[in-house]
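For the sequence shown, the positions run 1 to 184 when the numbering used here is used.
The hints are simulated quantities; they were obtained by calculation from the structure and are not laboratory data. Among the hints, a few may not be true.
The calculated lysine to any residue pairs, modelled on SDA-like cross-linking and capped at a C-alpha distance of 20 Å, are [what the hints assert, rightly or not]:
#, residue 1, residue 2
1, 121, 105
2, 152, 79
3, 152, 162
4, 118, 57
5, 118, 182
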Amino acid sequence: MREVKYDTDSKKAADAFFDEYPPEYAPLESFAPCRRTLTLNDERAAEQAALVTYLRQATLFFPGTFLLFFISLGTTLAVTDPAIRFNRDDFFSELFFLVCFVGFLSFFMPWVGLGDIKNRKHFVIPASIVVSAVLIGAAVRLTDSFFWISQKIIDDFGYAIWLFPIGLIVPFLAKGWVDSLSDS
């Protein structure tokens, strides 16, 4: 077992505290009021950072994930429908290009809302939303004759809201996975 050595030299701290004009090399942390001020400022900064994170997630991540998930899911269900005969004039209309534009803009919203736009590894956040929506759409289309809920989702797209929590959970898991890979 290691022996513990006690520091009995209190001269440094006492001299710096009781000097009327402390020397230039005296550390600020030897003064108790300064230490308290730094702690309060750190607590305020942590509270403000938590508030900014919450606001970014509420205003950017949630709406962007909603748009991106349902645009991807709806596009997958529309493309995989064998009953629809795609006519070039019907499929490539102005509405299609508007949906593509909104999908493109909503691709960046979860990236900024949950991750860091400067970190290119956080590109996995919106990509995971699109991939999960496409996989769910393909699974719904493949199981529409077996499961009643798949048929309900295809008949009435409003039932797809029950799949949206998957679209919210997957980006958090993907971000955690990428961050854990970059830490090691």
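>> So, against the hints stated earlier in the document, which numbers end up violated here?
In response: none
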